[in-house]
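Sequences are here, hints too, so could you generate the full structure?
Listed here are the chains, written in short residue letters.
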Amino acid sequence: MSLRVVAANLYVKLLCVYREKTTMFFTLAFPVILILLFGTIFMSQDNVNFHLSVQDLDQSKASKESIEALETNGKFKITRVAPDVDAVQYVKDTKVTLVMVIPKGMERALQRRKFFSDYQSTAVITYVYDPSSSSVATKMDILNGVLAGINQELSGIPPFLKPVTKSILITKYRFIEYFIPGIIAMAVMTLSLFGSVNSNTELRQKGIIRKLSTTPITRSEWVLSDILYQFTIAVVSTIVMLLVSYAVFDVNLHITAWLPAFVALDVFAFVGIGMILTRFVKEAQSAAAAANAISFPMMFLSGSFFPIELMPSFLQTLAKTLPLYYVNEGLRAAMIFEDNASALHSAVIIGAFASVVFILGILATKWEEGQ
Amino acid sequence: MSEKTDYAIEVENLTKRFGELRAVDNISFTVKRGEVFALLGPNGAGKTSTVEIIDTIRTPTSGKVTLLGMDVTTQKRDIVHRIGVLPQGFTSFDRITVKETLQYYSRLYRRGTTDVDQLIELVNLTDKSDEQYKNLSGGLKQRLGIAISLVNDPEVVFLDEPTTGLDPRARHEVWQVLQGLKEKGKTVLLTTHYMEEAELLADTVAIISRGKIIAMGSPVELIHNNAQDQILTLQSVDGNVADIVRKIGFEPVLDSDDTVRIRIIQTEDVQLILSALKDAGALYLGLDVRKPNLEEVFLKLTGEALHDSHSEWGQV
Numbered sequence: 009m010s011l012r013v014v015a016a017n018l019y020v021k022l023l024c025v026y027r028e029k030t031t032m033f034f035t036l037a038f039p040v041i042l043i044l045l046f047g048t049i050f051m052s053q054d055n056v057n058f059h060l061s062v063q064d065l066d067q068s069k070a071s072k073e074s075i076e077a078l079e080t081n082g083k084f085k086i087t088r089v090a091p092d093v094d095a096v097q098y099v100k101d102t103k104v105t106l107v108m109v110i111p112k113g114m115e116r117a118l119q120r121r122k123f124f125s126d127y128q129s130t131a132v133i134t135y136v137y138d139p140s141s142s143s144v145a146t147k148m149d150i151l152n153g154v155l156a157g158i159n160q161e162l163s164g165i166p167p168f169l170k171p172v173t174k175s176i177l178i179t180k181y182r183f184i185e186y187f188i189p190g191i192i193a194m195a196v197m198t199l200s201l202f203g204s205v206n207s208n209t210e211l212r213q214k215g216i217i218r219k220l221s222t223t224p225i226t227r228s229e230w231v232l233s234d235i236l237y238q239f240t241i242a243v244v245s246t247i248v249m250l251l252v253s254y255a256v257f258d259v260n261l262h263i264t265a266w267l268p269a270f271v272a273l274d275v276f277a278f279v280g281i282g283m284i285l286t287r288f289v290k291e292a293q294s295a296a297a298a299a300n301a302i303s304f305p306m307m308f309l310s311g312s313f314f315p316i317e318l319m320p321s322f323l324q325t326l327a328k329t330l331p332l333y334y335v336n337e338g339l340r341a342a343m344i345f346e347d348n349a350s351a352l353h354s355a356v357i358i359g360a361f362a363s364v365v366f367i368l369g370i371l372a373t374k375w376e377e378g379q
Numbered sequence: 146m147s148e149k150t151d152y153a154i155e156v157e158n159l160t161k162r163f164g165e166l167r168a169v170d171n172i173s174f175t176v177k178r179g180e181v182f183a184l185l186g187p188n189g190a191g192k193t194s195t196v197e198i199i200d201t202i203r204t205p206t207s208g209k210v211t212l213l214g215m216d217v218t219t220q221k222r223d224i225v226h227r228i229g230v231l232p233q234g235f236t237s238f239d240r241i242t243v244k245e246t247l248q249y250y251s252r253l254y255r256r257g258t259t260d261v262d263q264l265i266e267l268v269n270l271t272d273k274s275d276e277q278y279k280n281l282s283g284g285l286k287q288r289l290g291i292a293i294s295l296v297n298d299p300e301v302v303f304l305d306e307p308t309t310g311l312d313p314r315a316r317h318e319v320w321q322v323l324q325g326l327k328e329k330g331k332t333v334l335l336t337t338h339y340m341e342e343a344e345l346l347a348d349t350v351a352i353i354s355r356g357k358i359i360a361m362g363s364p365v366e367l368i369h370n371n372a373q374d375q376i377l378t379l380q381s382v383d384g385n386v387a388d389i390v391r392k393i394g395f396e397p398v399l400d401s402d403d404t405v406r407i408r409i410i411q412t413e414d415v416q417l418i419l420s421a422l423k424d425a426g427a428l429y430l431g432l433d434v435r436k437p438n439l440e441e442v443f444l445k446l447t448g449e450a451l452h453d454s455h456s457e458w459g460q461v
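Keeping their order, the protein sequence lines are chains A and B.
In terms of our numbering, the first sequence is residues 9 to 379.
In terms of our numbering, the second sequence is residues 146 to 461.
Think of the hints as simulated: they come from the structure by calculation, not from any bench.
Note that beta-carbon positions come from the ideal geometry of N, C-alpha and C, so glycine has one too.
Keep in mind that the hints are not guaranteed to be accurate.
[To be verified] Lysine-lysine pairs mimicking DSS-like chemistry, simulated, CA-CA at most 30 Å apart:
#1 B:Lys392 - B:Lys445
#2 A:Lys29 - B:Lys286
#3 B:Lys177 - B:Lys392
#4 B:Lys273 - A:Lys214
#5 B:Lys445 - A:Lys29
#6 B:Lys177 - B:Lys436
#7 A:Lys85 - A:Lys72
#8 A:Lys214 - B:Lys279
#9 A:Lys214 - B:Lys286
#10 A:Lys214 - B:Lys327
#11 A:Lys214 - B:Lys221
#12 B:Lys327 - A:Lys374
#13 B:Lys329 - A:Lys374
#14 B:Lys244 - A:Lys29
#15 A:Lys29 - A:Lys72
#16 A:Lys374 - B:Lys286
#17 B:Lys209 - A:Lys374
#18 B:Lys392 - B:Lys209
#19 A:Lys29 - B:Lys273
#20 A:Lys374 - B:Lys279
[Unchecked claim] Here are the simulated distance ranges between beta carbons:
#21 A:Met32 - B:Arg222: 31 to 39 Å
#22 B:Asp260 - A:Asp258: 55 to 63 Å
#23 A:Gly215 - B:Asp298: 19 to 27 Å
#24 B:Gly384 - A:Gly215: 43 to 51 Å
[As the list claims (entries may be wrong)] Partial pick of chain A residues on the chain B-facing surface, computed with a CB cut under 7 Å:
#25 Ala16
#26 Val20
#27 Gly215
#28 Lys219
#29 Ser221
#30 Thr222
#31 Pro224
See the structure below:
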C-alpha cells in the first residue's frame with residue numbers, strides 16, 4: 009500500500025468537497041440546525057411556562073392568595089377571566105385550552121375546615137378544558153401537583169412523606185447536554201453512510217471508477233482514503249457542532265479521547281454499510297433511498313433524539329440491536345457521565361460491529377468490472 | 146514472459162459472453178509495437194468489450210490475451226503501470242482543474258517525474274490548465290482524457306471511442322493530438338465507428354461486426370481489396386432520382402439527408418447518370434465523385450451501414 013496514493017486520493021476528495029461550497033455548507037449546517045432547533049425547544053422546556061386562565065368566582069382573600077401561589081410557583085403565566093364570563097364558551101371562543109374555575113364560597117369552606125375542623129368542607133376546583141389540545145393533559149398534571157402543594161399548606165399539617173432528590177452526578181445536566189452526543193452520533197452516521205453511498209455510486213456512474221481500475225491504485229488504498237476522507241469530514245462537523253453548542257447553549261460536556269474514538273468507530277461502521285449498499289444498489293438515486301431506509305429508523309429508534317426508555321419495550325429491545333444506539337450510549341457515557349467502563353463496553357460492541365461490517369464492505373467493493 | 150516479442154498485443158480466440166449474448170466471438174489478432182491499430186465497427190459490434198478485456202477492465206470468457214508479453218488475466222498489477230487507458234465516455238472529477246487532475250493521476254502511478262506542463266502542452270490545453278473539468282467543452286475533456294492516459298509514459302495506449310459525441314472541429318483537434326502520439330512511436334489501440342478516423346490514424350484496421358473480425362489490414366489494402374469502385378454522391382435530390390438511376394442499371398443508396406450515393410465503375414458512368422437525370426427532369430443541388438473509403442468496405446462486407454443514418458445498398 010502506498011501512502012502517497014492514499015494521500016493523493018484524500019486530497020482530491022477534500023478539494024472536491026471544499027469547492028462544492030453549497031454541499032459543504034449544508035453538510036455542516038444540517039446537524040447545527042438540529043442542535044439550534046432542538047436545543048431551543050429543550051432549553052425552554054427546562055423553564056417551562058404554561059399559559060393558564062383562571063376564573064375566580066369567589067373574589068375572596070383566600071382565592072386571591074391561591075392564584076398568587078400559582079403565579080409564584082413559576083410554572084404558569086396566569087390570565088384572569090372575569091367572573092361573569094361563561095368559562096365553557098370562553099374556551100370554545102378563544103384559543104385558551106384550559107380554564108381553572110375557583111368556586112364561589114371557597115374562603116368560607118376554608119374557614120369551616122380551619123376553625124371548625126370540618127374536614128367534609130371542600131372547594132371544588134373545575135378544569136374547563138379542550139381535550140383536542142395535546143398539551144392540556146400535561147398542564148392539568150402540573151396543576152394537580154401545584155394544587156396538592158397548596159392543599160397541603162392550607163391544611164397546616166407538615167407532610168409525612170417528603171421527597172428529596174439526589175443526583176448521581178455532581179453537576180446538574182440539562183437535556184441539551186444529553187442531546188448533543190446523540191446528535192454527534194447521528195450526524196457522523198449520516199455523513200458516513202450517505203457520503204460513502206453517494207460518492208461511490210456517482211463515481212461509478214460517471215465511469216471514474218472504471219478509469220481508476222486501469223491505474224495502479226488498489227482497492228485497499230481506495231477504501232482507506234475514503235475512510236480518512238469521511239473521518240476528516242466527520243471531525244470537522246463534530247467540531248462545528250461542539251463550537252455551536254458551547255457558544256449558544258454553554259453546554260458542559262467532557263471532551264476526552266473517547267470522542268474521536270467513537271467518531272472513528274461510527275465512521276467505520278457506517279462507511280462499511282455504505283460500501284455494502286453501493287455493491288448492491290447501482291443507481292445513485294436508489295442508493296440514496298436505501299441509505300435513507302437504514303438511517304431514518306436508526307436515527308429515531310436508537311435514542312439520538314430522546315431516551316429509548318420512552319419507547320414501548322419491544323422497540324427498546326430493537327433499539328439495543330442497532331449500532332447507533334451503542335455510539336449514543338458510549339458518547340453519553342464519556343461526555344456526560346465520565347463513565348469509562350460504560351464507554352468501553354459500548355466501544356467494544358460498536359467496534360466489533362464496525363469490524364465485521366467494514367470487512368464485508370471491503371469484500372463487497374467491486375473495483376474491476378470483472379464479469 | 147516473452148517481452149522481446151515484436152507484438153505489443155496478442156489476442157488468441159478471444160470470446161466474451163454476457164449471458165446469451167456473444168459480444169466478442171472467437172477473435173484473434175496481433176498489434177505490433179509502435180503500431181496504431183484501429184477496431185472499426187458500428188455501436189454494439191464488440192469493440193469496447195474487446196478493448197476492455199485487453200486493457201484489464203474486464204475478464205474474458207475464454208481465449209488468451211497477452212499484453213507486452215504478460216497475461217492480462219493474471220498480471221494486471223504489472224500491466225497497469227505500462228499502459229494508458231482512455232475508457233469510453235471518460236469523465237473526471239468536476240471540481241478539479243486540468244493541472245490538478247494530471248497531478249492526481251501521476252501520483253497514482255507513484256511517479257515523481259511526470260512533466261505535467263509538458264503533457265498539457267502536448268494536448269494543447271495550456272491556456273485551460275487552471276480550468277475545472279466541469280467547465281471544459283467535450284473536445285477539451287477528451288484531450289484531457291488522452292493526457293491522463295499518458296501520465297505514466299505508457300508503452301501501449303488504449304483509446305476507446307476518443308471522438309464520439311464531438312463536433313467536427315473538436316474531432317479534428319483530437320486527431321491532431323493522436324497524430325502526435327503516432328509520431329512519438331506509441332503503440333495505440335483505437336476503437337472507433339468513424340471511418341475517417343481509422344483511415345487517417347491507423348496503420349492497421351480490423352473491421353468488427355457482431356463480435357467477429359470480418360477484415361483486417363491497412364486502410365489502403367482493405368479498400369483496394371474490397372471497394373475499388375468510385376462513389377458518385379448527389380445531394381438534395383428529388384424523390385424520383387433513385388428510381389431513374391436504378392432504371393439505367395446502377396444500385397443507388399438513399400441516405401436520410403436526401404443524398405443518393407451510387408457506386409460507379411468508370412468515369413463515363415457519371416456522364417451516363419447525369420444525362421439520364423437531365424432527360425427525366427430530375428433535380429439535385431450538388432454532386433461529387435470520390436474514391437471509396439472504409440465505409441464502403443464495411444458496407445460491402447456486412448451489407449450494413451457503419452452509421453445509423455445510412456441505408457443499406459439497394460434498399461432505397
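*Indices of hints not satisfied (ascending)*: 3, 5, 12, 13, 15, 18
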